[in-house]
Amino acid sequence: MVNNAGQLYTMEGVAAGLIMLLTAYIVVSTTSIYTTGDTHIPDMQLEQLGSDVLAMMDTPDIDGGTSELVGFVKKGTGIGGGNDLQDEFLANCKMRSGDPDDNLRAQVYLSYRTLGGSVNTTLLSSPDPWFTGRENTVRVTRWVQLSQQPGDMPGDMRTDPQAVLVEVLLWRA
Amino acid sequence: MACMNEDGQWIVLMGLLVAVALFFLALIINQSALVGQTTAEGVLEFPKNDIRDLRSAVFDYIDASCDSGVKEDIVAISLERKNAVVSFTADVTPWDNNLYMVDLHYNNGVTVYNETVYY
Amino acid sequence: MLSLDFLAGFTIFMLALIMVVSMVPGLLAGLQSSGIDYDAVAYRTGVILVEDPGWPAYPQFEQPWELVDKDKIQRMGLAVSKDTPNVLLSTKVERFFQNSTKENPFFTPEDYRKFVIFGDIPYSYNFSLNISHPDGTYGLKQAGDPLPPGYGYIRRVVKIKEPGVAVIVGNTTSPSESPYWTSSPTMPTQNFTVRLNFSQLLNQSINTAYRIDPRTEPVNVTITNFEAYLNDTSGATLKSVTFRKWDPTRPGIGPAPIPFSYGKDDTDYYTLCIDGKPEFYSPEPNAQVSSNISLVLKPAATSLFPLDQNSILDIKFNFDHDPPETNITGTHLYDYVNVTRTDLKTAVLEVAIW
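Protein chains in written order, with this note's numbering: chain A, 1 to 173; chain B, 174 to 292; chain C, 293 to 646.
Honestly, the hints are just simulated from the structure, not real lab data. Among the hints, a few may not be true.
Straight-line alpha carbon distances no greater than 20 Å define the calculated EDC-like cross-link-like pairs of lysine to aspartate or glutamate that follow [what the hints assert, rightly or not]:
1) Lys94/A <-> Asp58/A
2) Lys433/C <-> Asp156/A
3) Lys74/A <-> Asp156/A
4) Lys637/C <-> Asp58/A
5) Lys221/B <-> Asp156/A
Partial selection, computed: residues in chain A whose CB lies under 10 Å from chain C [what the hints assert, rightly or not]:
6) Leu8
7) Glu12
8) Gly13
9) Ala16
10) Met20
11) Tyr25
12) Val27
13) Pro42
14) Gln45
15) Asp87
16) Asn92
17) Met95
18) Ser97
19) Gly116
20) Val119
21) Trp130
Where chain A lies over chain B, by a calculated footprint (3+ residues, C-beta under 8 Å) [unchecked claim]:
22) 192–202
23) 229–243
Ideal Cβ positions, reconstructed from N, Cα and C, are used throughout, including at glycine.
Generate the whole structure from the sequences, applying the supplied hints.
Structure representation (structure tokens):
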């Protein structure tokens, strides 16, 4: 009887300690799963910023005027086209109240429906030399309507009035 | 076992108490983590900017006198590049020649959006 | 015997407790540094500011929030209308940031929390709007405290809509070719009217982002090179400027004057400047004009009227002298042809919450 009772406190202590440690382990493991959700927030901020910039570049400054974005797309990959669109897009993205937000990078693509009816995507700006494809990028898009084929585009692009999709890959270097 | 000493059970009870407290803490922490996650995911998953852009593209299509090629472009490129099934019709309303009734449907698998708007 | 057993059990328990307790702060610290909630609140605040015109707003209410008393404001949004997200109205922006960096800002931190940030916790905030002007300079507006580390943040790119201005330019080299010039001015008073026809201005086919709406934006009228209109005198006496509203669809009701006191200090309602002098004149200036007149009629004044699509508002410049001192006459329409509208300006709105 005495021997039995002699071990009880130790047993209860071990049991209590095990319960607490197990709980703590479960708590830590469950919450640490959710912290991965944090990465969504920078994505959301970047996507919102990119969408805003494209939308504002597509808003003409004067009533009835042509928007900046349409002007760039009309030039295709030529001078005043894709590369300038990329520069202007990044300039707008980097703008803030203090120093510019310099480590943003972007690459511009254009999707169009070809003569054959399939959808083709082509690079509108010159490729970013540091782009590896492993970056955590967001893709923002904007519809543009053209009355004719932009300059310096692949041969399978149609020449009649058409809607094309400007796609911008945006990432933080 | 007839004469079991139950003096030590308060230690187990305290352990349980701490465990329960920890669980509540975990519950609260998870909730607050969920707030940020759901907000960001909600914004990312609900294609507000895409739908707005699509609307303005449809309005541009009407302004450009409803070219059927443009309509096919929008439907085809939406499906191919945006993974969204889009269909829309724009008809002149019988009471005003400059007013169009636009019927817009958008479905990207997560979000379904239908709208009838006069433009 | 019993005490040794108790000691062992209790020690194991205490050790486990200490281990668990030491884990908890690490759990909480990771939560605090991520600032998840702050980002969500910043996003929400940004959406309210950029995509919403606020409440009360036109056309449901006579006066939008930027004109009413603080206790009537429900929500502060800067957008021109709900159909034009990201296009902000300059008058709303001015009100929002009014004296925000000075001693006595118009909106207190409680107001900002109540009308834009919302939420149960008294969040700290910092709003900044960096406007890029066409000449390459930047105009920065700011409200709130300096940023601490670990704040929630959102950046929105927007356009700012600024009011247009109607400029009437006299031709000094050959005065008779000036607009609204007459060789036979009427006697004894000479009137020049600027007419705001709301059925033209509020034309639904014009996008709200480019619309001239005197109910929400100031009306600017400037007459320069007034020398061209002088009738062999060194100046003309501007007796009064009157504002009258009438409705052509309701012929029985005559023109009604704007119901506000004609004191010269009411710069909230209007400003009248003559010859580029720094002082403001009342609408009954009885002052000599020799080179230019500049009038700004603010929305606070125009909104005192119930103005709708049928209204016409006449701004009448009344010169009174015998023999006539000026050759100006006629009616200048304040419309989409005569008003020089300002181009939309790109700007960046940043919201930080902590």
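Evaluated hints:
{"no.": "1", "hint": "Lys94/A <-> Asp58/A", "result": "18 Å, holds"}
{"no.": "2", "hint": "Lys433/C <-> Asp156/A", "result": "49 Å, violated"}
{"no.": "3", "hint": "Lys74/A <-> Asp156/A", "result": "16 Å, holds"}
{"no.": "4", "hint": "Lys637/C <-> Asp58/A", "result": "13 Å, holds"}
{"no.": "5", "hint": "Lys221/B <-> Asp156/A", "result": "32 Å, violated"}
{"no.": "6", "hint": "Leu8", "result": "7 Å, holds"}
{"no.": "7", "hint": "Glu12", "result": "6 Å, holds"}
{"no.": "8", "hint": "Gly13", "result": "3 Å, holds"}
{"no.": "9", "hint": "Ala16", "result": "5 Å, holds"}
{"no.": "10", "hint": "Met20", "result": "5 Å, holds"}
{"no.": "11", "hint": "Tyr25", "result": "9 Å, holds"}
{"no.": "12", "hint": "Val27", "result": "7 Å, holds"}
{"no.": "13", "hint": "Pro42", "result": "9 Å, holds"}
{"no.": "14", "hint": "Gln45", "result": "6 Å, holds"}
{"no.": "15", "hint": "Asp87", "result": "14 Å, violated"}
{"no.": "16", "hint": "Asn92", "result": "6 Å, holds"}
{"no.": "17", "hint": "Met95", "result": "5 Å, holds"}
{"no.": "18", "hint": "Ser97", "result": "4 Å, holds"}
{"no.": "19", "hint": "Gly116", "result": "37 Å, violated"}
{"no.": "20", "hint": "Val119", "result": "28 Å, violated"}
{"no.": "21", "hint": "Trp130", "result": "23 Å, violated"}
{"no.": "22", "hint": "192–202", "result": "holds (count 6)"}
{"no.": "23", "hint": "229–243", "result": "holds (count 8)"}
The earlier numbered hints that this structure contradicts are 2, 5, 15, 19, 20, 21.
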